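There are 2 protein chains.
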Amino acid sequence: MLNQRATELGSAPNKIRELFAYGLKRKAEIGEENVFDFSIGNPSVPAPDAVAESIAELIKEPPCALHGYTPSPGAAGPRQAVADNISRRFGIDATADQVYLTAGAAAGLAIGIYAITNPGDEIMVIAPYFPEYAVWAETAGCTTIEVPAHEPDFQMDIDAIDAAFTPKTAGIIINSPNNPVGAVYTRENLEALAALLSRKEEEYGHPIYLISDEPYREITYGAEVPYVPTLYKHTIVCYSYSKSLSLPGERIGYIYVSNLMDNAKEVYTAVSGAGRALGFICTAVLFQRVMEKCVNEPSDVEAYRANRELLTKGLSELGYEFVEPDGAFYLWVRALESDDEAFCEKAKAHELLLVPATCFKSHGWVRISYCVSADVIKRSMPAFKALMEEYK
Amino acid sequence: MLNQRATELGSAPNKIRELFAYGLKRKAEIGEENVFDFSIGNPSVPAPDAVAESIAELIKEPPCALHGYTPSPGAAGPRQAVADNISRRFGIDATADQVYLTAGAAAGLAIGIYAITNPGDEIMVIAPYFPEYAVWAETAGCTTIEVPAHEPDFQMDIDAIDAAFTPKTAGIIINSPNNPVGAVYTRENLEALAALLSRKEEEYGHPIYLISDEPYREITYGAEVPYVPTLYKHTIVCYSYSKSLSLPGERIGYIYVSNLMDNAKEVYTAVSGAGRALGFICTAVLFQRVMEKCVNEPSDVEAYRANRELLTKGLSELGYEFVEPDGAFYLWVRALESDDEAFCEKAKAHELLLVPATCFKSHGWVRISYCVSADVIKRSMPAFKALMEEYK
Chain E
1 MLNQRATELG SAPNKIRELF AYGLKRKAEI GEENVFDFSI GNPSVPAPDA VAESIAELIK
61 EPPCALHGYT PSPGAAGPRQ AVADNISRRF GIDATADQVY LTAGAAAGLA IGIYAITNPG
121 DEIMVIAPYF PEYAVWAETA GCTTIEVPAH EPDFQMDIDA IDAAFTPKTA GIIINSPNNP
181 VGAVYTRENL EALAALLSRK EEEYGHPIYL ISDEPYREIT YGAEVPYVPT LYKHTIVCYS
241 YSKSLSLPGE RIGYIYVSNL MDNAKEVYTA VSGAGRALGF ICTAVLFQRV MEKCVNEPSD
301 VEAYRANREL LTKGLSELGY EFVEPDGAFY LWVRALESDD EAFCEKAKAH ELLLVPATCF
361 KSHGWVRISY CVSADVIKRS MPAFKALMEE YK
Chain X
1 MLNQRATELG SAPNKIRELF AYGLKRKAEI GEENVFDFSI GNPSVPAPDA VAESIAELIK
61 EPPCALHGYT PSPGAAGPRQ AVADNISRRF GIDATADQVY LTAGAAAGLA IGIYAITNPG
121 DEIMVIAPYF PEYAVWAETA GCTTIEVPAH EPDFQMDIDA IDAAFTPKTA GIIINSPNNP
181 VGAVYTRENL EALAALLSRK EEEYGHPIYL ISDEPYREIT YGAEVPYVPT LYKHTIVCYS
241 YSKSLSLPGE RIGYIYVSNL MDNAKEVYTA VSGAGRALGF ICTAVLFQRV MEKCVNEPSD
301 VEAYRANREL LTKGLSELGY EFVEPDGAFY LWVRALESDD EAFCEKAKAH ELLLVPATCF
361 KSHGWVRISY CVSADVIKRS MPAFKALMEE YK
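Chains as they are written, first to last, in the UniProt record's numbering: chain E, 1 to 392; chain X, 1 to 392.
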């Protein structure tokens, strides 16, 4: 018999991708300029020139060494570059032997969740959230416990997290800047979480791990994004260069098991074993080297910043309510009726492709991805206006 | 608590890598030319020039599209290129929608095993075998049933496979050309396996899947390597370009769910779901495109062929017994005492780095990787001679 769970996962419609596919079809029907596709989070800012320049240099090297296997956690140079980058930026003494390169944050999360749990454990997530967290928790034999964020600012609700704790809680996943909300957790909010987790460690007599999913760390508009390992010792950072260097398809990121942890070596060992268990050999090696060369390239957020201004100004004037977007390239807008899926269907009639909150295990809101050309935002305003009028 | 299994996997010494590391240290001590490192299977033939040329062309494309996400099974063009290659070479009508690109054969195997099993099932393997098969089977909650190959030709022992079947058997993994033995299964041997599996399908009333692990398909020296899907319908091919294009670190390969299968679509759905469950998003996209451009490049086996001649001639003259190496770049040599680990230790004293059969769940033999420079082989002969004399 085929694997039942894999069959279900393989059959489950991915609504975001379906919407994106609908958009492509619709554009072919009525013209590209008449469809306002805010469905997906593919960076619209090109990778820095340094990426192509690095590749052009690297392919002059002898091919056997260039394309050969690296150790599972990655080659020495790229891991050292990550450690140096962390040390320089966040003032902690990060070492390369605590850095494990991964095929993007997705692999990092799947590996990290597996490493810190045993079957039967619980992993806490803050809803709305990236739904694959629950998939990877289930692969590890764990249950996902959803704790709704505090509305309408979508900071973490510390009391709700406290209430959701059980002796089976192995860890919690946080994502700031946040997909889908665009919120950035304040230092105060993170400190409150850290204090709670420390209390729970004391209470239960074992570590509670904090997995910090950070693909949007560099995509911010002025808000502070505190470095979580400096606030809580049992932190595992899952980072990705997908957004910061606009390389989502190349699958390059890392797990950093904080050096500030008392049992850092043991956690790193479990991470290595989890990577092996899940079928990872090493991260694609050319992009390990590209990352090494480009790790200090600044992220270009100006286009996203301009889009954010255009979109928030436009939607404000039309009377839409949204969460102040401090980071990432998503705007979280309150649906004009409680059924967000029905709202998105009505938006579709105006050629507006929005993702309902139900895709992120929440409800009553929609996600607008503004990693698009500014022109799409400008031309979409009459459609948003007409949609609003429909509800008046 | 940290994951117990991941901790064990992360702590388990990888003997082959340890040997390789010892070799590097030893070379530093006594000079590179005095250590004969036959431990690892990193291709010594460089990637074809077409690889660097393709990359140089590709980086002229607009970066957002070039480095963007593809659908999980891969971009349309590369998948079509694989399907066309299979159709042309093996005379079956392979379609792109049955091709799922993977991060090498390792990811393909982890995904394939997960897809065709449910927890509690059994997966059969032919010993000696690549030990990670058992790791991935365990990740899927399955038990690995080892069936020793027929000695001394190391073809499959069909009667032993028959005897090992139980109602829990979900599938069997085969690997021809074989790592570590270098044997290629004959058409007759494969046909006998196919006949057995068909009988078992009838007997148990459900499909028995055959996973054909084929990273060494192109590395052969004249022997026929029959295309398994043409012999048995429920075949899943796990292919890799690691060896054929000398790109092991770039992690590019594929799963092909044979179109000749009655339930091909269902199996493919389970494969897609298994990829999701294990944390794979898509295969690194630049190398999807490189593969698309280089898929029909011939593999350069001449250096391996020359090494094979040198090594087999030399060891024959010294009186060593080995399996006739029809494919891959491994020679499987009988240890000169029953304890292969002790034999390898003695070889080490002669600066010969050989991998004991116990690393592949077998015993009494050693693996020699001859993907090295011809010079290493030539200069190693006095050491092999001295080792033989020690046992006389």
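In short, the hints are calculated from the structure, not lab data. A quick note: this is a predicted structure, and the numbers were derived from the prediction, not measured. Check the hints yourself; a few may be wrong.
As the list claims (entries may be wrong) - Cut-off 20 Å, straight-line C-alpha distance, at most; resulting in silico cross-link-like pairs (DMTMM-like, lysine to aspartate or glutamate):
hint : chain 1 : residue 1 : chain 2 : residue 2
1    : X       : Lys265    : E       : Glu57
2    : E       : Lys60     : X       : Glu341
3    : E       : Lys60     : X       : Glu57
4    : X       : Lys15     : X       : Glu297
5    : E       : Lys25     : E       : Glu266
6    : E       : Lys60     : X       : Glu53
7    : E       : Lys15     : E       : Glu345
8    : X       : Lys60     : E       : Glu53
9    : E       : Lys361    : E       : Glu146
10   : X       : Lys60     : E       : Glu57
Unchecked claim - Derived CB-CB ranges, DEER-like:
hint : chain 1 : residue 1 : chain 2 : residue 2 : range
11   : X       : Glu57     : E       : Ala21     : 43 to 53 Å
12   : E       : Asp262    : X       : Ala28     : 54 to 64 Å
13   : X       : Ala28     : E       : Ala50     : 28 to 38 Å
14   : X       : Ala65     : E       : Glu317    : 53 to 63 Å
15   : E       : Ile92     : X       : Phe90     : 35 to 45 Å
16   : E       : Glu201    : X       : Glu57     : 38 to 48 Å
Where a beta carbon is used, it is the ideal one built from N, C-alpha and C, also for glycine.
Now for the hints, and whether the structure bears them out:
no., hint, verdict
1, X:Lys265 x E:Glu57, "violated (43 Å)"
2, E:Lys60 x X:Glu341, "violated (41 Å)"
3, E:Lys60 x X:Glu57, "holds (14 Å)"
4, X:Lys15 x X:Glu297, "violated (34 Å)"
5, E:Lys25 x E:Glu266, "violated (50 Å)"
6, E:Lys60 x X:Glu53, "holds (10 Å)"
7, E:Lys15 x E:Glu345, "holds (12 Å)"
8, X:Lys60 x E:Glu53, "holds (10 Å)"
9, E:Lys361 x E:Glu146, "holds (8 Å)"
10, X:Lys60 x E:Glu57, "holds (14 Å)"
11, X:Glu57 x E:Ala21: 43 to 53 Å, "violated (29 Å)"
12, E:Asp262 x X:Ala28: 54 to 64 Å, "violated (35 Å)"
13, X:Ala28 x E:Ala50: 28 to 38 Å, "holds (34 Å)"
14, X:Ala65 x E:Glu317: 53 to 63 Å, "violated (34 Å)"
15, E:Ile92 x X:Phe90: 35 to 45 Å, "violated (55 Å)"
16, E:Glu201 x X:Glu57: 38 to 48 Å, "violated (54 Å)"
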